[in-house]
Each structure stands twice: as structure tokens, then as C-alpha cells.
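Novice: Single-letter residue listing:
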Amino acid sequence: MTISRKCVPFTPFERELSKTTIALVTAGGVHLKDQEPFNTADELGDLGYREIPPDVDSSDLMVSHHHYDHRDADEDINVVFPIDVLRDLHQRGVIGGLAKKHIGYMGYTMQLKAMYEGTAREIANEIDKGSRADAVVLTGG
Amino acid sequence: MKGIPTVVITVSPEVSAQMRPPRALYPKGFKIGNSLGRPGMRDLQEKVLRDALGLLRKNTRPGEIITIEYPEYGEQYEPPRVKKVA
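Going down the list, the sequences are from chains S and H. Residue numbering for the first sequence follows this note's numbering, beginning at 219 and increasing consecutively. Residue numbering for the second sequence follows this note's numbering, beginning at 30 and increasing consecutively.
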């Protein structure tokens, strides 16, 4: 197995969870039904991402992704994007809150450099500058 | 940018380990497309999410994937393997 030798950005976490605002970032191709779907026709993949608000009705979400079987996510989006679960945890005081924005992108690309140096940084900036998140939970498909 | 703590829930532990994520949870035997469990299994979904959030405060090492078993998930699946280059 080849291991990345790139510097791993490890950010310490010392907050209480009950005072922590969480953002979700998923590679599972999740987006709002009224947002432009990810381009599954392009064999190189889609380098875009979609912002998802914290108060979204989970029935307004869908998946555009052609590299995993997302029938279960079509039935219950929480299997890849646990937004309802996160809201439950907030209501019960387990976490401090939900970030102002959450992100979906299509985690398949043949343009790895552009994804790593472009999209990933843009998503990190969205989360860092615009979401007020203290920590991020990442999911794949 | 000062950095934001992250934790990844992965169902492809070998693949994810290559990028040496700072904190990673592998719910053992979950298939691709079921990162948090199966549809409608809200208790299981919450358990997985809480376990992932719990890793934020653990002393994990980059690339170390924490495997947790959830028998209530039911049928288990083999995760994708990283192809060895000859």
C-alpha cells in the first residue's frame, strides 16, 4: 500500500462537544433538488460542490453520482449525509449547533490535482470563512 | 486559515488510509453507500455519528483507521482493497 508522505494537517480539538458547531462535508454527490446536478456524463468527473443550508428539509436533497449505488441514500439521505441525525443531536444538547453551511460534492474525479489543489481548498475556505464550524464530519458515498 | 478539526467516516478504510486522515472511523462491514448504516436505522446512524464525533477528542494518529463493529447493521460487506502495484 502506498502511503501519502504529504504533511497531514492535524488540528487539535479541545472543545466540549456540547459547545461545538459541526459541519458535514460529503463526497457522496448530495445536493438540493433545485441545484444543478453534478455532471455524471463527464468521464473526468465534476469538480464542483454545492452548499447545503442547515435547516434543509432532507426530502429536498438528492444524489447525483454514478460511481456508487445510492439507492439507499435516495430512500434516506442520512445514510451518507446525516443532517437529520445531527439536528437530533443538537436538539438534545449533544452538540452545540449546526454550521451555517454544509457541502456536497461528487467524490469521483480523474482530475486529482485539480480536486486536491482547487476544489478541496475552496471547500475548506467555505467551511472556514463562511460556516462558523468548529469541526467537520466527512463522509464518502 | 487556522485549520478545522476533521473526522472522516469511511467504508473504504484501505483507500482512506492512503491519504492519512487525522481521524477516521470505519464501521466494519458497512457497504459503500451506507456510511452511517441502512435507511431508516436512525439509532444506528446516531451511534455511528456519535462515535465519529467522539474521535475528535481521541489521540488518533494520521492514517490510523479506528474500526468499530455494529452487529445491528446485519449482513457484512468486504471493503474495496487497494490494488498492489507489481
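Any given hint could be a false lead.
[Stated by the list, open to error] Calculated cross-link-like contacts (lysine-lysine; reagent style DSBU-like; alpha-carbon spacing at most 35 Å): (1) S:Lys251 / S:Lys347; (2) H:Lys57 / S:Lys251; (3) H:Lys112 / S:Lys237; (4) S:Lys318 / H:Lys113; (5) S:Lys237 / S:Lys319; (6) H:Lys31 / S:Lys318; (7) S:Lys319 / H:Lys76; (8) S:Lys331 / H:Lys31; (9) H:Lys113 / S:Lys347.
Please keep in mind that the hints were generated in silico from the structure rather than gathered at the bench.
Novice: Hints first: check each against the structure and report whether it holds.
Specialist: Structure-based check of each hint:
{"no.": "1", "hint": "S:Lys251 / S:Lys347", "in the structure": "holds (25 Å)"}
{"no.": "2", "hint": "H:Lys57 / S:Lys251", "in the structure": "holds (31 Å)"}
{"no.": "3", "hint": "H:Lys112 / S:Lys237", "in the structure": "violated (42 Å)"}
{"no.": "4", "hint": "S:Lys318 / H:Lys113", "in the structure": "violated (41 Å)"}
{"no.": "5", "hint": "S:Lys237 / S:Lys319", "in the structure": "holds (18 Å)"}
{"no.": "6", "hint": "H:Lys31 / S:Lys318", "in the structure": "holds (18 Å)"}
{"no.": "7", "hint": "S:Lys319 / H:Lys76", "in the structure": "holds (23 Å)"}
{"no.": "8", "hint": "S:Lys331 / H:Lys31", "in the structure": "holds (23 Å)"}
{"no.": "9", "hint": "H:Lys113 / S:Lys347", "in the structure": "violated (39 Å)"}
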